Amino acid sequence: MLHSRDIDQRSTARPARPARVPHSQRNAEYLVSTQQEIDLATGAEPSARPLADRMRPATLEEYVGQTHILGPEKPLTRALAAGRIHSMILWGPPGTGKTTLARLLAARVAMRFVQISAVMAGVKDIRAAVAEAQKAQQTSGEGTLLFVDEVHRFNKAQQDGLLPYVEDGTLVLVGATTENPSFEVNNALLSRTRTYVLRALDADSIRLLIDRALSDSERGLAALGVTMDDALRDQLAARSDGDARRALNLLELAAEIAAGTDERVVTQAELEEVLSAGLRRFDKGGDYFYDQMSALHKSVRGTDPDAALYWLSRMLEAGADPRYVARRVTRMASEDIGNADPRALRIALDAWETYERLGSPEGELAIAQAAAYMACAPKSNAVYMAFNAAWADAKNRGSLEVPMHIRNAPTRLMKDLGYSEGYRYAHNETEAYAAGETYLPEALVGTRYYEPAPRGLEIKIGEKLRRLRELDAGQDPRQTRSHPGENDAADGTSNDA
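Residue 804 in the working numbering sits at position 429 of the sequence shown, and the numbers go up by one each step.
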């Protein structure tokens with residue numbers, strides 16, 4: 376569904392540019408009119424809306440938290456001061472104000488606000504939003520901010536469908552996501568937007584929102600005549616895990632219970648009742664999801680299967696996508712175990728495949744089995760470190776030439792030019808190893824990337840490499856290379872690497 380303040384009620388005679396009015400007045404008028412239109416369209420009474428929705432800030436000055444992106448001289452603040460905003464991705468845990476911030480940004484710069492959910496919308500909805508935006512731009516000169524909630528749920532084609540209109544300025548895109556955009560948002564879209572990380576609110580910020588809700592008679596709970604002492608307010612703030620929406624929803628539940636009593640006071644027992652029943656009710660993505668994923672990874676790396684299973688359970692119980700968790704467990708198999716136990720990678724992939732076949736909850740046990748195995752397996756980051764070092768040389772050392780003796784020579788001309796000249800076919804050598812032969816570019820000869828750890832299978836790998844290096848030490852590759860054509864019969868026609 377598209378929500379905008381342009382619900383076929385605008386006059387075609389309105390001026391090309393809206394009159395400048397104070398920011399605070401424009402923000403308040405915009406948000407009030409927008410919500411009134413939504414209420415009219417849905418038939419909802421204002422009081423029927425959840426407290427968290429009613430208490431949305433009407434101005435940026437009311438917005439709580441995220442000072443690291445909204446503070447003085449921050450890029451977003453400077454853009455607002457200039458009366459413009461850029462396309463962006465807002466990435467953060469639930470209840471940190473992503474939707475509210477998008478609304479307030481549109482209001483501050485007098486842009487139309489159109490909202491779609493990537494869960495329910497498709498290419499048709501994107502086209503409709505674009506058509507509306509183009510019409511508004513042509514008739515009134517008014518820009519459009521398109522807010523895409525859960526933008527990571529759009530597939531590649533849907534994300535690509537936004538690109539032309541972000542590029543030509545038809546839309547300012549604000550995408551909200553609880554998932555890491557590096558994994559879930561196309562690189563093409565990321566390159567055209569700026570990513571802002573929204574942080575979980577601290578207890579003081581949550582406490583401020585609780586106080587506002589209890590004292591506000593129009594949008595909040597003051598009309599109920601319910602009171603709540605400071606200690607319980609602090610307790611609720613501390614136990615809301617930085618999620619403003621959760622805090623206000625739990626507060627509303629507690630206040631409704633208290634309103635049904637003679638005292639109209641929120642008690643410890645009533646607060647405990649809603650906390651125990653609703654602690655995760657409003658947190659679809661899991662509290663501090665990425666911190667918990669980090670905790671799982673570090674528990675596996677630290678060989679603590681108990682902690683690994685606990686953090687895995689925390690994430691799955693809170694609604695994390697098991698496929699994402701399985702992918703991260705597979706990464707751990709290569710990054711932290713590697714060749715110390717090559718079976719770990721196969722076990723991780725098997726667990727992922729098992730989940731795909733069984734689904735939840737049965738398939739989650741396979742992920743737990745894999746996580747426990749990873750935690751108990753011998754550890755080595757030798758491949759991880761070697762790959763990073765090789766990648767750095769590949770990136771920073773330029774296009775170093777492939778040595779002539781290991782180039783492919785499928786034609787007579789290439790052989791005449793020296794391609795594959797002197798290549799030694801390893802299978803014809805003692806121990807199937809061409810001692811003293813080199814395969815790196817000349818500038819990197821002698822470089823060692825891979826140094827096996829003294830654990831697991833890498834003990835034997837290390838012993839083998841040391842033995843082969845001893846053989847290298849007794850050979851001069853310039854003296855041991857064969858003459859052109861000598862090994863043609865041994866390796867076929869020298870056409871294959």
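Rather than coming from a laboratory, the hints here were simulated on the basis of the structure. Some hints could be false.
[Unchecked claim] Ranges of calculated distance between the beta carbons of each label pair, as one might list FRET restraints: (1) Tyr699 - Ala848: 39 to 49 Å; (2) Asp681 - Gly821: 37 to 47 Å; (3) Glu437 - Val494: 42 to 52 Å; (4) Ala764 - Gly516: 23 to 33 Å; (5) Arg698 - Arg639: 21 to 31 Å; (6) Ala503 - Asp605: 44 to 54 Å; (7) Leu819 - Tyr699: 30 to 40 Å; (8) Ser557 - Thr805: 20 to 30 Å; (9) Asp604 - Glu437: 42 to 52 Å; (10) Asp604 - Gly516: 48 to 58 Å; (11) Arg574 - Asp535: 26 to 36 Å.
Just so it is clear, the structure is predicted and the values come from calculations on it, not from any experiment. All C-beta atoms, glycine included, are put in the ideal place defined by N, C-alpha and C.
Does the Cβ distance between alanine 764 and glycine 516 fall inside 23 to 33 Å? Given a distance of about 55 Å, which is not inside 23 to 33 Å, the answer is violated.
Quick one: are aspartate 681 and glycine 821 within 37 to 47 Å, going by C-beta? holds, 45 Å
Can the suggested window of 42 to 52 Å be confirmed for the beta-carbon pair glutamate 437 and valine 494? Because 28 Å falls outside the window, the suggested range is violated.
Just tell me: holds or violated, for the beta carbon distance of arginine 698 and arginine 639 against 21 to 31 Å? Violated - the Cβ-Cβ distance for arginine 698 and arginine 639, about 47 Å, lies outside 21 to 31 Å.
42 to 52 Å was suggested as the range; check whether the CB atoms of aspartate 604 and glutamate 437 agree with it. violated, 25 Å
Within 48 to 58 Å: is that where the Cβ-Cβ distance between aspartate 604 and glycine 516 falls? holds, 53 Å
Do the Cβ positions of leucine 819 and tyrosine 699 conform to the proposed distance bound of 30 to 40 Å? holds, 37 Å
44 to 54 Å as the expected CB spacing between aspartate 605 and alanine 503, which holds or is violated: Holds: the Cβ-Cβ distance is about 49 Å, inside 44 to 54 Å.
Return holds or violated for the Cβ distance of tyrosine 699 and alanine 848 against the range 39 to 49 Å. Check passed, 48 Å falls within 39 to 49 Å.
Outcome of range test on Cβ distance (arginine 574, aspartate 535; 26 to 36 Å): holds, 30 Å
If I claimed the Cβ atoms of serine 557 and threonine 805 lie 20 to 30 Å apart, would that claim hold in this structure? Violated: the Cβ-Cβ distance is about 48 Å, outside 20 to 30 Å.
Of the numbered hints stated above, those contradicted by the structure are hints 3, 4, 5, 8 and 9, listed in ascending order.
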